[in-house]
Amino acid sequence: MLPQVQKVAGRPGGGGTGARLGGGMPVLSATDLCRRVEGRVLFEGLALAVEEGEALRIAGPSGCGKTSLLRLLGWLDRPDAGEVLLSGRTARDWGGPAFRARVAFVAQQPARLPGTPADTVAWLRGIHHARVEEDPVALAEGLGLPAARWDQPWTQLSGGEAQRVALALALCRRPEVLVLDEVTSALDPEAAAAVVQALRGRTVVLASHDARVAEALGAREVAL
Amino acid sequence: MTGPLPLDAWQLLLAAALVLVNGGLSLWLRLGLEKKLLVASLRTVVQLSLVGLVLTPVFDLAHPVPVLLVGLVMVVLAGREAVHRSSRRWPGVQRTAFLALLIGPGFTALLATGVVIGADPWWRPQYLVPLLGMLLGNALTGISLGLDRALSMLDEGRPVVEARLSMGATWWEASRPVAADALRAGMIPILNTMSVVGLVTLPGMMTGQILSGTDPALAARYQVMIMFLIAGATALGTATAVLVSVRAAFDGQGRLKWGWIGR
Chain A
1 MLPQVQKVAG RPGGGGTGAR LGGGMPVLSA TDLCRRVEGR VLFEGLALAV EEGEALRIAG
61 PSGCGKTSLL RLLGWLDRPD AGEVLLSGRT ARDWGGPAFR ARVAFVAQQP ARLPGTPADT
121 VAWLRGIHHA RVEEDPVALA EGLGLPAARW DQPWTQLSGG EAQRVALALA LCRRPEVLVL
181 DEVTSALDPE AAAAVVQALR GRTVVLASHD ARVAEALGAR EVAL
Chain B
225 MTGPLPLDAW QLLLAAALVL VNGGLSLWLR LGLEKKLLVA SLRTVVQLSL VGLVLTPVFD
285 LAHPVPVLLV GLVMVVLAGR EAVHRSSRRW PGVQRTAFLA LLIGPGFTAL LATGVVIGAD
345 PWWRPQYLVP LLGMLLGNAL TGISLGLDRA LSMLDEGRPV VEARLSMGAT WWEASRPVAA
405 DALRAGMIPI LNTMSVVGLV TLPGMMTGQI LSGTDPALAA RYQVMIMFLI AGATALGTAT
465 AVLVSVRAAF DGQGRLKWGW IGR
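Listed in order, the protein sequences are those of chains A and B. Under our numbering, think of the first position of the first sequence as 1, with each following residue one higher. Under our numbering, think of the first position of the second sequence as 225, with each following residue one higher.
Calculated from the structure, these hints are not laboratory results. Any given hint could be a false lead.
What the hints assert, rightly or not - Some chain A residues near chain B, calculated using beta-carbon distances under 8 Å:
| # | residue |
| --- | --- |
| 1 | W75 |
| 2 | G96 |
| 3 | A118 |
| 4 | V121 |
| 5 | A122 |
Note that the Cβ used here is the ideal one computed from N, Cα and C, for glycine as well.
Given the sequences, and given the hints that come with them, work out the whole structure.
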């Protein structure tokens with residue numbers, strides 16, 4: 001059986017079908033989005049929009065396609081139909097790297113890159129489209145990660161430490177939108193609270209089983 | 225200097241008797257290799273005899289077209305073998321291996337006969353065919369190792385590549401470490417060979433030349449040239465195969481494709 005088609009928010013500029021757009025141009029939006037995986041339709045005709053400084057929580061049971069949707073919003077996968085737009089311009093027009101530099105996707109289980117997180121920062125500074133605008137080490141300290149951990153190999157970091165490093169690497173670029181997939185799943189309540197503090201005022205689309213994180217951010221909730 | 229001593233059928237049979245020792249060992253230790261050994265031995269006899277039969281008229285015709293045709297067939301067969309040896313493949317890998325072998329060993333062999341050795345004419349089969357064969361044999365090993373490494377890093381290492389992409393990296397910025405590692409893997413065998421050549425191994429070409437009565441010093445100079453040519457051909461071929469394959473793994477938006485790598 002195919003999952004029910006969801007219209008989770010209004011189409012940008014389309015007058016709204018339950019969207020809370022406030023009349024402004026959404027920073028990130030999606031129209032008529034469809035994703036199929038191995039012949040199974042995860043969602044189709046999906047539209048959503050998030051305004052500057054707003055938090056949007058994608059909710060739904062495991063396997064309903066939350067990660068697939070976030071990956072599409074992060075422009076890591078090709079949608080089967082529909083468009084993802086940043087500031088009204090399609091991701092396609094931005095071009096993959098330029099779009100992804102502005103819309104930072106953080107995976108639930110951060111990849112263990114070669115070398116140390118400090119090496120990753122050095123690499124990031126050489127990336128054409130990316131800008132390191134803030135000190136990632138200081139950002140991570142704010143999330144409860146000691147600075148010394150940046151010189152440990154990625155492979156020696158715990159799940160929670162890797163999540164905080166990955167989040168700091170996203171925050172340090174001051175992206176226009178953060179797309180976060182369960183980024184507090186390996187964190188204790190104290191660290192999760194620090195993450196919430198760091199995300200306040202930022203434009204965020206997140207999936208989180210922990211409803212308290214979304215509540216603390218005042219996130220609007222949409223269900224898949 | 226004298227030419228090589230004649231080699232009759234009974235002498236080949238005598239050499240083949242040594243393969244029986246392998247068969248005996250396989251039976252004794254229950255290795256189950258007897259059938260493979262028999263097939264491999266028969267293939268050796270048939271393939272090399274056929275090469276001898278084909279090359280004799282090609283040498284006699286003294287025309288570039290049959291020589292280049294033989295070279296093309298060798299490149300195609302080497303391309304198939306390079307792909308066959310790699311545990312992973314992608315839809316265009318066969319064409320890519322062919323292109324890589326044309327650019328690597330193909331170009332290097334022509335450069336060697338036309339410029340380095342200065343054969344007259346440049347397609348002289350006595351030089352071009354064996355040189356191409358040696359370059360192909362080594363380059364296909366490098367290409368298959370390089371392809372295997374690149375494809376496995378893109379497949380199993382997808383989260384790492386995508387982590388780089390999601391930080392704004394282009395396909396090349398995200399996959400440059402993959403390409404570098406794959407190139408390194410492809411070059412290791414020839415670098416290892418170059419380190420020990422002459423100390424623990426006498427390469428086939430040098431051995432063949434010495435057996436044919438060539439002055440060992442001249443045979444050594446030829447072998448030095450061959451080693452350099454092999455290194456160049458392997459690097460060019462492996463780089464072509466790896467770079468084309470890595471680029472093909474990403475779509476026009478710099479996203480790593482799904483379901484693109486098969487086994």
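Item to check | Given hint A/A118 near chain B, where the shortest CB pair must fall under 8 Å | outcome: violated, 15 Å
Checklist entry - Is the hint on A/V121 kept, meaning its closest Cβ partner in chain B is under 8 Å away? => result violated, 10 Å
Checklist entry - Does A/A122 pass the interface check with chain B, least Cβ-Cβ distance below 8 Å? => result violated, 13 Å
Checklist entry - Against chain B, with CB atoms and a cut of 8 Å, does the hint on A/G96 hold up? => result holds, 4 Å
Next on the checklist: Does A/W75 hold up as a contact with chain B if the rule is Cβ-Cβ below 8 Å?
Outcome noted: holds, 7 Å
Of the numbered hints listed earlier, those contradicted by the structure are 3, 4, 5.
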